[in-house]
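Colleague: Letter by letter, the chains look like this.
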Amino acid sequence: MTFTRKDLLGMRDMEAGEIRHILNTAASFREINTRAIKKVPTLRGKTVIHLFYEPSTRTRISFEIAAKRLSADTYSVGTSTSSMVKGETFFDTLKNLEAMKPDLFVIRHSASGTPQRLARRTSAAVINAGDGMHEHPSQALLDLLTIQDHKGHLDGLTVGIVGDIAHSRVARSNIWGLNKLGSRVIACGPPTLIPHDLQQMGVEVSHRLEDLVPDLDVLMVLRLQKERQEQMLLPSLREYATYFGVTEAKLAGAKPELLIMHPGPINRGVEISSEVADGGRSVILDQVTNGVAVRMALLYLLLHREEETA
Amino acid sequence: MDLLLRNARVIDPANDRDQTGDVLVSAGRIADIAPRLEVGPERLASVTVLDLTGNWLVPGLIDMHVHLREPGDEYKETIASGTAAAAAGGFTTVACMPNTKPVNDCAAVTQFILRRAEETGSCRVLPVAAVSRNLEGRQMVEVGDVRDAGAVALSDDGRPVMSAQLMRRALEYASRFDLPIISHAEDLELARGGQMNEGAVATQLGLHGIPTAAEAVMVARDCLLAEWTGGRLHIAHVSCADSVRIIRTAKARGVSVSAETAPHYFTLTEDALVDYDTVYKVNPPLRSRKDLEAIKEGLVDGTLDAIATDHAPHSSVEKDIEFDAAANGMIGLESALPLILELLWEGTLTPAQAIAKVTVQPARILRQPYGTLTIGAPADLTVIDPDARYTLDQASFRSKGCNCPFHGREVRGRVVLTVGAGRVRFSR
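Those protein sequence lines, which keep their order, are chains L and D. Going by the working numbering, the first sequence wraps up at 310, each residue one higher than the last. Going by the working numbering, the second sequence wraps up at 428, each residue one higher than the last.
Bound-form chain D, shown alone (with noise of 0.2 Å):
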């Protein structure tokens, strides 16, 4: 069935595009775009026309940072729930971190998490393999055979690369498979026992501190090895005024560097986790009000190219215990959009510039071709409402996870409908 789309603002920052017209979707790709699509008498029957009068069409969203928990951890998420939450968000793509049980460290698990997605997913997925074997830091996984399997990135996720020597070397052969490496930044001595970000609030509640630079000299590290090697390198999500700081003098130098935030880390602080509710827990930490506004500069001037939700889901068996055995990571994927949307609202950034975020930027790290209403490029796209007015409920969302920090939250701007190679995914 093909669509007509009418009368949306269409915004396409690849294109450079934001004007009020029709979309036409064919054969699960964008047939066209203009100010006003007529289709003739003939082909009505075979194609359903809706008007969008008042909302916005935006290429299907990506989330270049998320965790779906299949294999292994299917009581916290499938890959069937982490995608129907995926399209209920507005994203048509997701890049899922290879740190499931068994790791996704060979082709046959990238082959057995694409078959499940083919099978059970409700949007596209495309896995991240680790860097090291099992995650362990020491042996490269064979980057040639799980980039043919499908793989279009190398992480260890969850975990740093603590082997600088390994990090360099992964780094170099990597860019013979043109694989970016997404570095999860984080020095585990200087973070060891850590609860929170370290400071006044950390030190107010007796809880270990995360401080910064734990952060910030394994983003100098990969920063310093990415230029020495000329490998390409990704900075997964940055939290802290340091590694903003750090990401843009490299990216000056010309380092081929690019670099993600998620939505808490501009939107919340540590001080929220005042009530020690372990929802707020999360690796990196929320930061203090100062890093948080250097997050939304680093957005602005675009030293940070894209917004990931590191969608981390849990269940109460980890969440609902003491803090300091609680698990870190929160929710993301039904919850991102409108955060984001707040950027705008406050003026931060264009809607352009926000959209581009989660869509043409992590396709461009991830050399994929989506992310973009070109004509002829697979029909990924979202369409919002901007001026819905409701309440964040963790209780609808399709995600098993049990950690949205962000349940009952007011806010702006929602999904009603989401395509995905032409075939509706989700719609309200």
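Okay, chain L solo, but in the shape it has when bound (with noise of 0.2 Å):
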């Protein structure tokens, strides 16, 4: 299988080959990040550069871990750093790195279609890290990678997402990637955080959690945010958790070997109880060790891609 791709921007035109093409790839960078020397030589004289327009502490370190474990020479631009202070708009900032000949983007922005907008008028790979609501691609293909390594397949799985939907691009790219794989998706929370015409994404929508729970292989659990209070979207936290937050209690008639997941960062007490987070089902820590063989694998693709038709 070649990867021809100029970018990865979205689970949601990609085929369910290259996915696995991808995962493949990641599985077998894994063994050097449990090296005593976590370096190869093999995107030595690539440049990468960050767009970080979001705060992001896990993805934006597993990215830039990713490509010095690779070799390739990263840099990074913050909000705080950038020269959005100064005036200049995102894509005349875009113009000048551009200019500087870098090889790949990374780019996080809170704008959806932001990073789609930057490939087309780049000539270096894109690679988005999370755009909005829209998508979070390495998400997905970290979070499939872990359901693989412990289910060993995905077909067939059933898997929830439990929490909010709407505001979620971790959501949309594990429907769009877990869809393609053979997997099938229930999609849960109250109405206000599942959005519009959800269904037609392929998902299934629950709004019962405890209704869900026995068919479920995978528990994958959102992340909510604060502010949902204050945009009339809930009651309370408090009411939240009592309905949507998963804890042992409402965990009681699942499968046993349910895994659950988390993007991070948690919320304890709130969508997810420390008891679920820390217990032995959870596989939010294989999550983040994944991440890097992942991100490893999608840097190692798009550059590599490059130097074969040079």
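Calculated from the structure, these hints are not laboratory results. Here the structure is a predicted model, which means the values were calculated and not measured. We treat Cβ as the ideally placed atom computed from N, Cα and C, and that holds for glycine. Just to be clear, a hint being listed does not mean it is correct.
What the hints assert, rightly or not - Far from chain D, by Cβ distances over 12 Å, these chain L residues were calculated:
#, residue
1, Glu18
2, Met133
3, Thr158
4, Gln199
5, Lys226
6, Pro256
7, Val270
8, Ala277
To be verified - On the chain L side, residues computed to face chain D include the following (Cβ under 10 Å):
#, residue
9, Thr2
10, Phe3
11, Asp7
12, His109
13, Ser112
14, Thr114
15, Gln116
16, Arg117
17, Asp131
18, Gly132
19, Glu135
20, Ala166
21, His167
22, His196
23, Met201
24, Gln231
With the hints in hand, could you dock these two chains into one complex?
Modeller: Here is the structure:
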């Protein structure tokens, strides 16, 4: 299988074969992360610019580590250091960065669609590290890899995603990815946090967590942001936790091998109890570990493609 | 110089005329219309004769909803550039919205606009004054004063009149001056944060949605207030099926309400946004296919009286930025006619129906003597080559705006001559 994409923008337009190829490549990179000297020369001489126009710890460090372990040169632009504060528009900043001939941009932005629009204007490769409420494909890929590690396969699994589906790019990317690899996906949350016509993405919708728990092989728990109360979406975090917070009590009827996942950062006691987050079913830290391998795979596949054509 | 326009298909919906013949323009007025007009040899030297065989001759088009941006945002558009675009698009009259800087909320600004139009304009400009001072939604403008200065309607367009009380009082008070209130129907609470139509496309693109209810609840509110007060209400830029249904019901009840839609609402849907191209970002937003069909039905049955462009020029500073931050709005003056003609070619509207929606209908709503070819009326007329096929090219536009969503579209039917008050304002 050859990987021919210039950019990795979302799961929606990916083929199942491409996703499997990325997961296989990621699995093969994992070994590097266990060595005493965690560095290979694969991307030496390649320039990667990280554009993080939204706060991020996990994803940003994960991408930085992935690039550095492959010997790429990395540079970071964040909101506080960017020229945005000087009044330059985002796309003008990019034109200037483009003129310095980077090979790849990793971009996170609060406005949905910004990576897509960047990708159309640059000859460099672009990886979407999360855009608004749209997509977060590297997160979905690391989630798929984590499920595959534990279950051995993805087809035929029933995966629940509980929480703030409406504002979640993680949910959207996972829905597309899981569907393509043959999983059944059920989205669960209060009606105010389920976006209009979500079913058209090929997902079932439930408003009762306890009803779907017995069917699930995997339960992904999404972060609930406190401002949803002020936006008239919820009466209180307390009531949210009562009906949608994942606790051992709610998991009483679950399959013994149920996996609990969370993209982080977690709000203990809101969407997930500490017992569950730190318990035996939780694979939350496996997700983080796999994140580095998946991002190494993406950098390698996108930059390697260029080398082949050169 | 007088004009004798020969052998055109003359379509004048106001007079129920659709026949091939000649039109004589003299002293800025329509002097005569007949199957064959002759001028004596003594007048030939002072009459320009044009053979328009194969072309349509219609009343000068009227766009009752444009943004000319002057005063204040002259880098986006000026009265000169906007009216030049209008003339090139076949329009001889435009009504300009008051959300300029400063806002057109007093006689001085209304007079400024009229003076600039006189000095620099290429078509007639009818100012629309604000409902509330500085568009703040609190205190009414001096309605008599702006009316006497030349304002033809009142609107806080760009913003809704959120206070139902202010809307009620404005409808009542303006009725004394026979000015319609043009409602920008949008519940700001329901629309808050919205970037595009709420539905499957917005969900998949991860963009905050604007439900059709954000428009329709205000249309319903304003229709109820118009019924209660007896005031004259006009609903701007109708975009969705629910609004059409509510207006239809109100009209059946005898409410004094009229309504317009814009070409983008019967030509484009929310699907255009899949690539996050900000040229398609507009308020109200492009809706679903079902809404588009309902807009067409509303045009056919007369629920929607008029077609207006909502010409809203922006520069790349407002458009070539992140989607969330980009300004709403599209330019429309130089693309409207061929898009309206698409409704003819597909059989949705008859030529008389379509032409009426950009001539006599807006003239009636604004109580203006234009939009007809009645003998003695001001000689506003537009000549259209209905068979010209070409590609819309934004680079050729007179408008300063960079935001034409129809750039590159293959269309049929083009303006070849625009005459305003007897003067040639555009010819191709």
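Colleague: Does each hint hold? Answer for all of them.
Modeller: Evaluation of the provided hints:
1. Glu18: 19 Å, holds
2. Met133: 4 Å, violated
3. Thr158: 22 Å, holds
4. Gln199: It is violated; Gln199(L) is separated from chain D by about 9 Å at its closest Cβ, not greater than 12 Å.
5. Lys226: 17 Å, holds
6. Pro256: About 35 Å separates Pro256(L) from the closest Cβ of chain D, which puts it past 12 Å; holds.
7. Val270: 23 Å, holds
8. Ala277: 26 Å, holds
9. Thr2: 26 Å, violated
10. Phe3: 23 Å, violated
11. Asp7: 13 Å, violated
12. His109: Given a least distance of 7 Å, the restraint on His109(L) holds.
13. Ser112: 4 Å, holds
14. Thr114: With a minimum Cβ separation of about 5 Å from chain D (threshold 10 Å), the hint on Thr114(L) holds.
15. Gln116: Result: holds, 6 Å to nearest chain D Cβ.
16. Arg117: Hint on Arg117(L): holds, closest Cβ of chain D at ~6 Å, below 10 Å.
17. Asp131: At 7 Å from the nearest chain D Cβ, Asp131(L) passes the 10 Å test, so the hint holds.
18. Gly132: 5 Å, holds
19. Glu135: With a minimum Cβ separation of about 7 Å from chain D (threshold 10 Å), the hint on Glu135(L) holds.
20. Ala166: 8 Å, holds
21. His167: This interface hint holds because 9 Å falls under the 10 Å limit.
22. His196: Interface hint status for His196(L): holds (5 Å vs cutoff 10 Å).
23. Met201: 6 Å, holds
24. Gln231: At about 9 Å, which falls below the 10 Å cut-off, the nearest Cβ of chain D leaves the hint on Gln231(L) intact, so it holds.
The earlier numbered hints that this structure contradicts are 2, 4, 9, 10, 11.
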